[in-house]
Amino acid sequence: MKFFVKMPDSVQAALRARGVLQDSLLYCVKADLDAQGQYLDVYLAFDRESLHCISGLERPPAKKSRGGVSFTVQDYSYYPLDTIQSLDVVRQVYAAQLVLAFTDGGEKAICRFSLGFAAQFEKFKDCLLKTKNGEAIDETRFGDEKDAFCAKCGRQFPDQERKVCPHCLDKSSILKRLLKMYGAYKGRASVIMLVILFSELLAIAIPFLSSKVFYDNVLREGQPLYGQVLYVVALIALTGLLSALSMMLYGILLSKLNMQAMHDLRVSAFSSMQRLSLGFFISKRTGSLMTRIDNDVDSICWFFADVVPQTLAKSVTLLGTFSIMFSIHAGLTLAVLAVSAAFMGVLYVFSNKFQVKYFRRIHVATRKRNNTLVDTLNGQRVVKAFAREEREKERFGSVNGDMRRADMESNIFFAKTDPTIYNSYQIAGAVIYCIGAWLAVTGSFTLGGLTAIYAYINRLLDPMDFFMQNSKNWSKCADAASRIFELLDASPTVRESPRPVSMPQVRGDISLSHVTFEYEPGRPVLHDVSFDVEGGKMFGIVGKTGAGKSTIISLMCRLYDPMNGSISIDGVDLRDIAAADLRRHIGVVSQESYIFTGSIADNIRYARPQATMDEVVEAARAAAAHEFIMAQPDGYDTVVGVGGVSLSGGERQRVSIARAIIQRPSILILDEATAAMDTQTERKIQLAIDSLKKGRTIISIAHRLSTLRDADMLAVIKNGRLEEIGTHDELIRRKGEYFDLYRLQNEALKFIGAGDEA
Amino acid sequence: MNRRRDFREIASLGSLTPGNIVFSVCENGFLNAEFEGKTHRRLTLNRMLPYSAPTRYISVMADGEELGIIEDLSAFSGEQRRVLEDALRFRYYLPRILCIRSAKEKVSFLYLDCETDAGDKVLCIADFTSNLRFLSTDTLVVSDIEGNRYQIPDYSHFDRASRKRLDTFL
Chain A
1 MKFFVKMPDS VQAALRARGV LQDSLLYCVK ADLDAQGQYL DVYLAFDRES
51 LHCISGLERP PAKKSRGGVS FTVQDYSYYP LDTIQSLDVV RQVYAAQLVL
101 AFTDGGEKAI CRFSLGFAAQ FEKFKDCLLK TKNGEAIDET RFGDEKDAFC
151 AKCGRQFPDQ ERKVCPHCLD KSSILKRLLK MYGAYKGRAS VIMLVILFSE
201 LLAIAIPFLS SKVFYDNVLR EGQPLYGQVL YVVALIALTG LLSALSMMLY
251 GILLSKLNMQ AMHDLRVSAF SSMQRLSLGF FISKRTGSLM TRIDNDVDSI
301 CWFFADVVPQ TLAKSVTLLG TFSIMFSIHA GLTLAVLAVS AAFMGVLYVF
351 SNKFQVKYFR RIHVATRKRN NTLVDTLNGQ RVVKAFAREE REKERFGSVN
401 GDMRRADMES NIFFAKTDPT IYNSYQIAGA VIYCIGAWLA VTGSFTLGGL
451 TAIYAYINRL LDPMDFFMQN SKNWSKCADA ASRIFELLDA SPTVRESPRP
501 VSMPQVRGDI SLSHVTFEYE PGRPVLHDVS FDVEGGKMFG IVGKTGAGKS
551 TIISLMCRLY DPMNGSISID GVDLRDIAAA DLRRHIGVVS QESYIFTGSI
601 ADNIRYARPQ ATMDEVVEAA RAAAAHEFIM AQPDGYDTVV GVGGVSLSGG
651 ERQRVSIARA IIQRPSILIL DEATAAMDTQ TERKIQLAID SLKKGRTIIS
701 IAHRLSTLRD ADMLAVIKNG RLEEIGTHDE LIRRKGEYFD LYRLQNEALK
751 FIGAGDEA
Chain B
759 MNRRRDFREI ASLGSLTPGN IVFSVCENGF LNAEFEGKTH RRLTLNRMLP
809 YSAPTRYISV MADGEELGII EDLSAFSGEQ RRVLEDALRF RYYLPRILCI
859 RSAKEKVSFL YLDCETDAGD KVLCIADFTS NLRFLSTDTL VVSDIEGNRY
909 QIPDYSHFDR ASRKRLDTFL
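These protein sequence lines are chains A and B, in that order. Okay, so the first sequence: first residue is 1 according to this note's numbering, each after it adds one. Okay, so the second sequence: first residue is 759 according to this note's numbering, each after it adds one.
In case anyone wonders, no lab produced these hints; they're calculated from the structure. There may be inaccurate statements among the hints.
Stated by the list, open to error - Straight-line C-alpha distance at most 25 Å; calculated SDA-like pairs for lysine to any residue:
{"no.": "1", "chain 1": "A", "residue 1": "108", "chain 2": "B", "residue 2": "845"}
{"no.": "2", "chain 1": "B", "residue 1": "922", "chain 2": "A", "residue 2": "360"}
{"no.": "3", "chain 1": "B", "residue 1": "864", "chain 2": "A", "residue 2": "365"}
{"no.": "4", "chain 1": "A", "residue 1": "357", "chain 2": "B", "residue 2": "856"}
{"no.": "5", "chain 1": "B", "residue 1": "862", "chain 2": "B", "residue 2": "893"}
{"no.": "6", "chain 1": "A", "residue 1": "176", "chain 2": "A", "residue 2": "365"}
{"no.": "7", "chain 1": "A", "residue 1": "416", "chain 2": "A", "residue 2": "350"}
{"no.": "8", "chain 1": "B", "residue 1": "862", "chain 2": "A", "residue 2": "177"}
With the hints as extra help, turn the sequences into a complete structure.
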């Protein structure tokens, strides 16, 4: 039993006790609610004879114990397959329900479950009905379901696009992964480390020379260096100078490496995004994706730049300082060590308990503000049209206020805590100094030793402070890194087959068989749609707004894969066709035509940059775009898009039609491609499309039925289902949905005095 | 025939009252009704304002067509009222979070160990800035990765320790 959920051993044992053998079970699903809506774990599985339902409470294994999940059975029932007529997955608003329909006409509500499981239950239902009827089941289409679980803990991945188990991934693994990335810059990084080590070692030596050596050896009679003031001062100065110089070199080397690492990471984050399926971009807001490329990369590069080399250097400083201090006075050093340990402990608690929270709050507030900003700026036309400037000001003021508050609270918190912590340390240092002074007075300690120890107490602050700042920033960095890794790890939902079928030529026969699709779990947009498009013909898709027409197009272009069923071109499943071939053969003109910043000519040859100017003009003429392009003073060189000339909706559509034509696809899809045009321009384009029809499959979606007057075949989609299919005449004769639409549009045209245009 | 109605008819609410519709429940909990001399089976109720007016403006659908709208549930009383309230509770399955035992963020997912009125559950929430939302001023609605929703109706009166755990993520 490979699909759809893993049945824990304890559940298998419970079933075995009731005479159900694990090996005979075929498919299994799990529901999380009982029929009354209380949380309960219900396993449903069937063998060739019956459907078994076992419900009870599942408890995860105790941490570190070797045992699996425990299961306390509450109820068990079974239904012979031949008494089952059908299974019905009923979707409610926030949950779904499974209802069994029996052959004797009875019904029984079995269980309820989270809406997100609905798709899985649909598949389960399919498998059960097929098994009952003795039909074959194509398991290759469930491929993704198999690796939906974490190999380590067995829990389902929360995000199927990401395949990361939050329970098994921790910060130390993020650190490990970051260090691994650091490995790419090994050579330069090790030079930087050597330089900073050198600088720090010299810096530690200075207090020893200037206090201990100076007071106890140079200024004291009878010592070997007595009176050699100039020599020792020169030595101190030289040490200082060398330390400063190597610090400078460190800065220079670091900026070089830093910029390189940032550049590399941004590029790889961006290319990861480009690799992902459209679904990823729909589910994330542009504002948050921009933050990732921008701020998160900064935070990570700070890790490369500061954390790794400095952690090493500061650790050496800490160790070195303490060893020197020990050599001067062990007892006092132990006291300093105790104070420092307490100090670090306090810092640790503060940075982990409070600072993370403040940073999280600031990050969330920044994101909200940026999203509002993007929202309002993009919607300026509507804001102005309805004179809602004041309201938008208020809205921005409110989110900006949240950010101000978050920033302020965080700053006030640090303003209060930072000095308290540092002053306590200073006070403790002063106490140690007093003890040292008392020891010096009683004669068991030298003046040089005392001043050196005091200097080192103050010097310790710097590395300890660094570690504190780090743990503060480290949480920020771990957060950023986990988001960037999410991007790098996200695997596209639409993947090319491992053995892609190359199709140099296609006839253009498209076939949809039992296609079901949903964007959001539990809200299907297409149900069981099947139809065939004959190659070289024009196929029209008609239906109301939201019926699912554009979704069919997205599936044909393989921007998404259907949840159930399949789509094939010339008999080859879309999922098996090489991505490059598929893109080459299908040209799409969509409802929203996006124009990139650049010249009109470049926009037209976006899909085929090597196209000649002749081809560009030809395509533009065919798309009725040539005239308006030539009306621009800069002609085909006119810069459009952000910062350039803005085109009207109809003009943009014509440019994108030209863009599709120049690609010379075997299958041309027009998704409301002429909706923003006046009837005359549309006519012109239809003439052009007529000339394109030869040897090409054209699929056209339109509201205006007049657009589809030349279609060889028409499909009517209603509420995500195929309502009717046939030629115009057949559909008119049938007097169904198409007839109604046709008559409505005709009436509307008559009403405005346009005659029987449709 | 929907399309033959004139504009006023299409745009009017089509009010359903105890006078023109009688609801009943079958043994599997499906809602049926007698309306305009016909029995409609497996009706669905949709709230037009699920948060701001949960007992008003309820659309009654049969086979994807709207029969009409119940403008105010209080127009119905006794058994009919109870049937409708049960059906709504069933359709808008919305457990109430009673307390939060822990809130942890793991790799951009927020895990809330909760006690709800439907039992104990650990919720997993993705992108918590958009999935933890205040709908009215004091009702917090939580959506988890499995498509479930939960509510905390009086957030400002919610258990103090739980609030402290959740506040960081709001």
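Looking back at the numbered hints, which does the structure fail to meet, lowest number first? Violated hint (a single one): 6; every other hint is consistent with the structure.
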